[in-house]
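Novice: Generate coordinates for the entire structure from the input sequences, incorporating the hints supplied.
There are 2 protein chains.
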Amino acid sequence: MDDKLMLMIPGPTPVPESALLALAKHPIGHRTSEFSNVLGEVTQNLKWLHQTQNDVLMLTTSGTGAVEAGMINFLSPGDRIIVGCNGKFGERWAEVGIAYGLNVEQITAEWGKPLDPQQFADKLTADTDKQIKAVILTHSETSTGVLNDLETINRHVKNHGSALMIVDAVTSLGAVNLPMDDWGLDVVASGSQKGYMIPPGLGFVAVSPKAWEAYKTAKLPRYYLDLGKYRKSTAKNTTPFTPPVNLIMALHTTLGMMKTEGLEGIFSRHQRLMKATRAGIKGLNMPLFAADEFASPAITSVAPQGVEADKIRSILKKRFDIAVAGGQDHLSNKIFRIGHLGFVSDRDILSAISSLEVALRELGYEGFTPGGGIAAAARVLAE
Amino acid sequence: MDDKLMLMIPGPTPVPESALLALAKHPIGHRTSEFSNVLGEVTQNLKWLHQTQNDVLMLTTSGTGAVEAGMINFLSPGDRIIVGCNGKFGERWAEVGIAYGLNVEQITAEWGKPLDPQQFADKLTADTDKQIKAVILTHSETSTGVLNDLETINRHVKNHGSALMIVDAVTSLGAVNLPMDDWGLDVVASGSQKGYMIPPGLGFVAVSPKAWEAYKTAKLPRYYLDLGKYRKSTAKNTTPFTPPVNLIMALHTTLGMMKTEGLEGIFSRHQRLMKATRAGIKGLNMPLFAADEFASPAITSVAPQGVEADKIRSILKKRFDIAVAGGQDHLSNKIFRIGHLGFVSDRDILSAISSLEVALRELGYEGFTPGGGIAAAARVLAE
Chain A
0 MDDKLMLMIP GPTPVPESAL LALAKHPIGH RTSEFSNVLG EVTQNLKWLH
50 QTQNDVLMLT TSGTGAVEAG MINFLSPGDR IIVGCNGKFG ERWAEVGIAY
100 GLNVEQITAE WGKPLDPQQF ADKLTADTDK QIKAVILTHS ETSTGVLNDL
150 ETINRHVKNH GSALMIVDAV TSLGAVNLPM DDWGLDVVAS GSQKGYMIPP
200 GLGFVAVSPK AWEAYKTAKL PRYYLDLGKY RKSTAKNTTP FTPPVNLIMA
250 LHTTLGMMKT EGLEGIFSRH QRLMKATRAG IKGLNMPLFA ADEFASPAIT
300 SVAPQGVEAD KIRSILKKRF DIAVAGGQDH LSNKIFRIGH LGFVSDRDIL
350 SAISSLEVAL RELGYEGFTP GGGIAAAARV LAE
Chain B
0 MDDKLMLMIP GPTPVPESAL LALAKHPIGH RTSEFSNVLG EVTQNLKWLH
50 QTQNDVLMLT TSGTGAVEAG MINFLSPGDR IIVGCNGKFG ERWAEVGIAY
100 GLNVEQITAE WGKPLDPQQF ADKLTADTDK QIKAVILTHS ETSTGVLNDL
150 ETINRHVKNH GSALMIVDAV TSLGAVNLPM DDWGLDVVAS GSQKGYMIPP
200 GLGFVAVSPK AWEAYKTAKL PRYYLDLGKY RKSTAKNTTP FTPPVNLIMA
250 LHTTLGMMKT EGLEGIFSRH QRLMKATRAG IKGLNMPLFA ADEFASPAIT
300 SVAPQGVEAD KIRSILKKRF DIAVAGGQDH LSNKIFRIGH LGFVSDRDIL
350 SAISSLEVAL RELGYEGFTP GGGIAAAARV LAE
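Protein sequences appear in the order of chains A and B.
Take the first sequence: its letters are residues 0 to 382, numbered as in numbering that gives the first Met the number 0.
Take the second sequence: its letters are residues 0 to 382, numbered as in numbering that gives the first Met the number 0.
Be aware that one or more of the hints could be misleading.
Note that the list lumps identical chains together, so a pair holds whenever it fits in one copy or between two copies.
Stated by the list, open to error - List of simulated lysine-lysine pairs, BS3-like, C-alpha gap at most 30 Å:
(1) LYS333 to LYS231
(2) LYS46 to LYS24
(3) LYS112 to LYS122
(4) LYS281 to LYS218
(5) LYS3 to LYS218
(6) LYS157 to LYS209
(7) LYS317 to LYS281
(8) LYS3 to LYS24
(9) LYS258 to LYS24
(10) LYS310 to LYS87
(11) LYS228 to LYS218
(12) LYS122 to LYS258
(13) LYS157 to LYS46
(14) LYS129 to LYS218
(15) LYS24 to LYS209
(16) LYS24 to LYS317
(17) LYS258 to LYS46
(18) LYS215 to LYS129
(19) LYS87 to LYS209
(20) LYS3 to LYS129
Since the hints were made in silico from the structure, they are not lab data.
Specialist: In structure tokens:
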């Protein structure tokens, strides 16, 4: 049905009407006091969202550009870094490191399993001459729906003392507690089409004073992604390069909505959405790809047995105008991923689970009690 | 007056209503066949606009990011490059080269004057052992309103035989004839908030086969700005990283409008807008900052005598809701810049010139025949 699409992919996520209308307003000049005022408010609200007093900078990039900026501004050729890899995005940051001539060591886990914090501890403890310059971790692995144990891994990094903790928070920021200052994270990078509830086109990088110290001697080349330029401009409520004015106006709107809901409200809503989704999937007797203990509050991956993942996706799309994501790389057609990140309500989960029941019936998969998915999801939502 | 702003800065430029409404549509998934179809059409239309069969790639960046990508993908540390500098943007590309450890030689001219093609010829002819790897030229210098003689300078580059011709076409593409294939340009970079008639947030880089040859051995590090990734994805009507879906939908709309108008129509309109603006300014007895022979069809800079540029801008904004740009760097408050690029009609020029007359009167500047600006502009438009 035209205009009826409901996005339940892990990004772009649904955009509220007020943000869509902000996008449709004619751009204003980006070197005006009106725009500076908006930038000033946006920057304050970004700090609130990151639970930080640190700089939070905005770049015209996708999330990948933001994470790359968060790496290359603080490192020099040959620097030894540890990258946690248990999915497509962790692997991407290893590729970035290699592209820039860094000495990349990977700590890996099977896709769908979490990284083992002890492996980080071992490497960091063994590094007595402090050659490890940074640890890069994908907090919520978008490709699998696994939430890595950032808090513990970061504690090991703090014990090391000199390595920077660089976090890909692309699908965790605005979904799960990520207190940058309390935990002492050094770099937190994210993208607009996720918890921020606006379309893609903006990247964000928050930077600690310790990371700025490293910046002073970091030699990897950069210009457009040089965060020093963004820092200088942001302090004056402006931007080094022409910013995506319309997206920033939309962001101004959604950050206001987020402040109204409050961090506690946002986090508990995502917990509830995750639990209801997982209960619903279990109620349909479908295997979840990631275990409960390390499930991402942003994405739930389902690994259907006896029925193809892409056939389920196809019916959800054609019959119910619900877009869910497929598996990436070797997980193609093995899993499907339900995004419940950002502008998502309890009702959306009920729509997804009940539509999924119809899709499974159509495909002849009947290994569940009729209504069992909704019964289980409803139990969570009624709590 | 609320909502009455008329943008006459050199970017963001005015956005047509149909493009604004496209922006306001809910994003769709970027990994869908619907979006691939849009990308395919957009890519074909970008080739038409660039008058090329070469790859034209889209990046989520500002224009600066696009030009930087257009440089760093084809060069290695220490490479000798020539950068033409006669304004803020030329100087920026020299800074990019220096940031990446290139051996940057500048050919300069005073801001407001064009670069001398003979100086390029001299350096290129003297380079008998072919050490010059690229020449970087800003076609239309946005900071001054000067159009550099790309056609002649490019001819000297072709005579050299091995150097790449890299063009910053940010404010020339879609305003003046720029036949990439006919001229044999190697890299043409631009940004969305200019002739494309959409808001900022997208960068474009067109790449010749000769530049792709250089890419094979180019050693400057890059990942997010690695054009090889964009080339591979674009060939499959997809993108390497999450693209700004809404902006691409708006671009799909405006490229359609451009095709309807036709390249000849677009170029002759910009010529007429430029001539009418310049005639109007002369009719108000105000000095133009760049001479007629090398005036940009996108931007007209005015260097008022006996009245401050910023006071004029302030009245235009407050009384008439017309935003014109100020001077940059040492030209601050010395010049103002009228953008007439993209979605601009004859009527807009009449509004600007007539509002300017009122502003000058308010400021007590009376060195002109009343109505003289409009009389002169009208003469051009009635031709």
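Novice: Each of the hints needs a verdict: does it hold here or not?
Specialist: Structure-based check of all given hints:
In the homo-oligomer, the alpha carbons of LYS333 and LYS231 lie at most 30 Å apart only across protomers (25 Å), although the nearest pairing inside one protomer, at 47 Å, exceeds that limit. Taking the shortest alpha-carbon separations for LYS46 and LYS24, both the intra-copy value of 26 Å and the inter-copy value of 29 Å come in at or below 30 Å. Taking CA atoms no more than 30 Å apart as the test, LYS112 paired with LYS122 passes inside one copy only; the shortest distance there is 20 Å, against 59 Å between copies. Neither within a single protomer nor between protomers do LYS281 and LYS218 lie at most 30 Å apart by alpha-carbon distance, with minima of 50 Å and 51 Å respectively.
Taking the shortest alpha-carbon separations for LYS3 and LYS218, neither the intra-copy value of 49 Å nor the inter-copy value of 47 Å comes in at or below 30 Å. Proximity of LYS157 and LYS209 under a CA criterion of 30 Å is satisfied intra-copy only: 12 Å inside one chain copy versus 49 Å between copies. Only within a single protomer do LYS317 and LYS281 lie at most 30 Å apart by alpha-carbon distance; the minimum there is 24 Å, versus 62 Å between protomers. When the C-alpha separation of LYS3 and LYS24 is checked against a cutoff of 30 Å, the pair qualifies both within a copy, at 23 Å, and between copies, at 11 Å.
When the C-alpha separation of LYS258 and LYS24 is checked against a cutoff of 30 Å, the pair qualifies both within a copy, at 23 Å, and between copies, at 25 Å. Taking CA atoms no more than 30 Å apart as the test, LYS310 paired with LYS87 passes inside one copy only; the shortest distance there is 23 Å, against 55 Å between copies. Taking identical chains as interchangeable, the C-alpha atoms of LYS228 and LYS218 lie at most 30 Å apart whether they share a chain (15 Å) or sit on different chains (24 Å). Taking the closest pair of Cα atoms, LYS122 and LYS258 never come within 30 Å of each other, the shortest separation being 40 Å inside a single copy and 59 Å across copies.
For the homomeric pair LYS157 and LYS46, the shortest alpha-carbon distance inside one copy (22 Å) is at most 30 Å, but the shortest distance between copies (51 Å) is not. Proximity of LYS129 and LYS218 under a CA criterion of 30 Å is satisfied in both settings, with 18 Å inside one chain copy and 29 Å between copies. Taking the shortest Cα distances, LYS24 and LYS209 never come within 30 Å of each other, neither inside one copy (39 Å) nor across copies (42 Å). With identical chains, the CA atoms of LYS24 and LYS317 are at most 30 Å apart between copies only, with a shortest distance of 20 Å across copies and 32 Å within one.
For a Cα distance limit of 30 Å, the shortest separation of LYS258 from LYS46 inside one copy, 11 Å, qualifies, whereas the shortest one across copies, 44 Å, does not. Proximity of LYS215 and LYS129 under a CA criterion of 30 Å is satisfied intra-copy only: 18 Å inside one chain copy versus 36 Å between copies. Taking the shortest alpha-carbon separations for LYS87 and LYS209, only the intra-copy value of 28 Å comes in at or below 30 Å, while the best inter-copy value is 33 Å. For the identical chains of this complex, LYS3 and LYS129 are neighbours neither inside a copy (55 Å) nor across copies (59 Å), given an alpha-carbon limit of 30 Å.
Hint violations for this structure: numbers 4, 5, 12, 15 and 20, all remaining hints satisfied.
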